[in-house]
Amino acid sequence: MRVIWILACKDLQLLLRDTRSTILLLVMPLLFVAVLGVAVGEGFGQKPDDRLRISVVNLDEGLPTPQGETPQRDTPQRDTPQKDKSTSKTNSKTVSTKQKPKKSERYPGRRWSEVVIEDLANTAGIRIEVIQSTAEAEDLIRRGRRAAILVFEKNFSEQMNRCSFLTAAVPPPLNPLYRDGIHVNKLGLTILKDNTQSVAASIIEQVAQVTLLRVVIPWMIGRAFERIGDEEFMKVIGRKIPGYDWLPNAVKKQLGPAVQLGIADLFSNYDFYAKTWAGLTRSEEQNDKSLDNITTFASTEGSGLLKRGAMRYQILVPSYTVMFSFFLVLTVGWLFSSERRNGTLVRLRAAPITKLQILLGKFFPCLIMSLFQGLFLLLCGKIIFGMNWGNQPLWVILVVFSTSVAAMGLAMLVTSIAKTEGQVAIYGTILVLVLGGLSGSMMPRDLMPEEMKKLSFITPHAWALDCYSQLLMNPQPDLVLVTKSCMVLISFGVVFLILSWLLIRFD
Amino acid sequence: MIPEKKTVEEKKKATILEIDNLHKSYGKFQALQGINLEIYAGEMFGLLGPNGAGKTTLLSIICGLLPASAGEVRFLGKKLFSQFKEYRHQLGIVTQDLAIYPELSATENLRFFGRLYELSGPILEERIKETLSWVGLSETKQQRAGTFSGGMKRRLNLGIAVIHKPKLLLLDEPTTGVDPQSRNHIFERVKELNQQGMTIIYTSHYMEEVQELCTRIGILDRGKLIACDYLPSLLQLLEGSVQFELASDINRVVQRLLTIPELRVTGVDRQTISLSGPDISAVMIQSIRVFREMNVDLHQLRIREPNLERVFLHLTDRTLRD
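Residue numbers (the numbering used here), protein chains in the order written: chain A, 1 to 507; chain B, 1 to 322.
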């Protein structure tokens, strides 16, 4: 080990005095990242999502809490007791009787805006983006980042609660229906639109209309159906039927519910008690995917000239860190070929040291340089570009180490094949660029076709990029996957090193 | 004067390096063909040969940098591969090309190689100081070697080779491309090392260097050791010659000289006569005696003694080599 340490110290000294290498190793990747960071757009490197994005701002304060009841919850509830569960296609009578809700229950048991958002989120091909404030929404519209944004106003639940077919009631009923669908403003739903993107805005508005129809219509029908047979309804009926008043009270009491059940049986394909579209139409309810389809808006654009903090740096910085760690192939190659050029390799070979010691004496200082380079670039990524190291920063260090082992193994292999500086430059550059392109270091991996993605795993770069993707992009990284990738990277390094030991010729 | 011949036993005792029937082939090309050579402890051995004769191959095998195709090399009676590390501790090399790190200073170069030979601490520092002074680089010890002149680099190259005080030093063209001052400095240092008991194998194209420094010389040509002996013995391979310019009566003198068996008349031209013989001193004495007996005045005398260059060209012929 002593000899390896002596050789390593000398090479570190040489590397530190080599300004050409220092520039190549440290400054160039930063320049690349800075230039690309400014040049590419907001969505760079993010997985393209074909689903229609509906952005919402939810200011809805829910229904006023009646005395003695607990306030409605703000968060979406998957299993509210009032939520319609009518999925069965069995006998409609039994079903309708059993499902008849108690009038005392307050539907929907949560904010009406949440019902609408859940319906939207469960619609195929749609994803929901929740924006925290109207100001933020207005800013996005103003800058043309969104074509339209739905704003659920404070009174949305209150207005929904007033929706009714009745002409007069307390509180006064609200009829949101009109020729084109739902009068959204009456409901307390504002649609912010970017006039320069009218087509896209219209699509979003129509989607909102359809969803609102699905929510409002069953709700209004359900409420209306509950009124059939009640005291007030029977009074109206009584005025229309001669001799009704002579009927015994016991009959009168049964008449209302009987009419209700009669209608239910007559239109048994529909459940008029249900206040949801699925319930009303007795459709099979889909699995609730709303939580998977709802995300909270976070700006990925960054700030300042460099767009500091932009999401793109989560991809650019690790990509170029990985790619330039393999550029060390050239530096290591030059280090070895300069030993040949200076004639010092002959002296080393004549000294009381082995071939393996010479090889490891080169490997370790280069590994240290590579580690320093990796950590330096990631640190600069954090300081200069506002890159986030994710929730597991220590694991990032492990990835830097594993990548360095693989890169230095490859560097040794190239060195063992290339004899002159010219050969090092040719072999090294071709290898670095080809592997960089193949692995997805030069472009986001998500843009690559699936076949290429699979093929890319023949390169160590791809494994390293997978690790960074997990650690820097995923809020809950899969550490098992990261560990596996690190093991693969180290294996790459060891295999390359063994091959270089077998292939290297000093004469 | 030919040194006293040693007995076989004495030679065996004093032999530091034995090369036994050494062959080296590169495909069909035979770089070395059956080299047998002994290097005696404490001697300065000169190895000569034209380009492509196999000198570098032979030195590479001696250094352990190249494997032999057949035959073996023994250091102090043991095969090289059996004592790889110990042997290399006893070996110093000065290559034809410089072998220094131009980015490091003279001190750093010496320290690095000293540490490789397991020197450390105050001993190493003392050795560095001694070596720098010995090669005349004390004043420039902190300068990067890349900024040195050719001569300074050569001196540093020599210093690195001896920092660990090896028993055997191989010098391959150590004075190539240096000024006369540095060349003289290197000469002096090499002589000094030899006087201190270090065994030296010296190869050079400069015949006068080898003639001045080496007591025993081997001449290698086309992979074969065609001559190997002490310098005077090698010089005896060629006859010396002397040329006399006489006042008159040259034919009578020639007739008289032809009767002397130790000398040969190699040329007669008007009043000039050329003579040669194995011992040029004896030729001269005999000739001058004849001139005196015959009362012939001697106008001019030119002596041409054999030297290593003539011996080398005589042995390796004068054809150009690739």
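One should not assume that every hint holds.
Within a straight-line C-alpha distance of at most 30 Å, the following computed DSS-like cross-link-like pairs (lysine-lysine) qualify [as the list claims (entries may be wrong)]:
#, chain 1, residue 1, chain 2, residue 2
1, A, Lys-419, B, Lys-78
2, B, Lys-167, B, Lys-224
3, B, Lys-224, A, Lys-186
4, A, Lys-419, B, Lys-129
5, B, Lys-141, B, Lys-165
6, A, Lys-355, A, Lys-419
7, B, Lys-167, A, Lys-355
8, B, Lys-191, A, Lys-355
9, B, Lys-28, A, Lys-355
10, B, Lys-165, A, Lys-355
11, B, Lys-129, B, Lys-79
12, A, Lys-240, A, Lys-253
13, B, Lys-79, B, Lys-167
14, B, Lys-79, A, Lys-193
To be clear, the hints were calculated from the coordinates, so they are not data collected in a lab. Computed from a predicted structure; not experimentally measured.
Given pair status - Lys-355 (chain A), Lys-28 (chain B), alpha carbons within 30 Å | 28 Å, holds
Given the hint that Lys-129 (chain B) pairs with Lys-79 (chain B), test it: the Cα-Cα distance must not exceed 30 Å.
-> 35 Å, violated
Are the Cα positions of Lys-165 (chain B) and Lys-355 (chain A) separated by 30 Å at most?
-> Since the Cα atoms of Lys-165 (chain B) and Lys-355 (chain A) sit roughly 23 Å apart, the hinted pair holds (cutoff 30 Å).
Is it true that the CA of Lys-141 (chain B) sits at most 30 Å from the CA of Lys-165 (chain B)?
-> Roughly 20 Å separates the two Cα atoms, so the pair holds.
Lys-224 (chain B) and Lys-186 (chain A): Cα distance at most 30 Å?
-> Violated: Lys-224 (chain B) and Lys-186 (chain A) sit about 111 Å apart, past 30 Å.
Within a Cα-Cα threshold of 30 Å, do Lys-79 (chain B) and Lys-193 (chain A) meet the stated pairing?
-> Given that 30 Å is the threshold and the Cα spacing comes to 91 Å, the pair is violated.
Holds or violated: are the alpha carbons of Lys-355 (chain A) and Lys-419 (chain A) at most 30 Å from each other?
-> 16 Å, holds
Assess, step by step, whether the Cα of Lys-419 (chain A) is no farther than 30 Å from the Cα of Lys-129 (chain B), and give holds or violated.
-> 36 Å, violated
Lys-240 (chain A) paired with Lys-253 (chain A) [C-alpha distance capped at 30 Å] | 17 Å, holds
Holds or violated: Lys-167 (chain B) to Lys-224 (chain B), with C-alpha atoms at most 30 Å apart | It holds: about 26 Å lies between the C-alpha atoms, which stays within 30 Å.
Sort out whether Lys-355 (chain A) lies within 30 Å of Lys-167 (chain B), counting only the CA atoms.
-> It holds: about 24 Å lies between the C-alpha atoms, which stays within 30 Å.
Given the hint that Lys-191 (chain B) pairs with Lys-355 (chain A), test it: the Cα-Cα distance must not exceed 30 Å.
-> The given pair, whose Cα atoms are some 34 Å apart, is violated under the 30 Å limit.
When each numbered hint is compared with the structure, violations occur for hints 1, 3, 4, 8, 11, 14.
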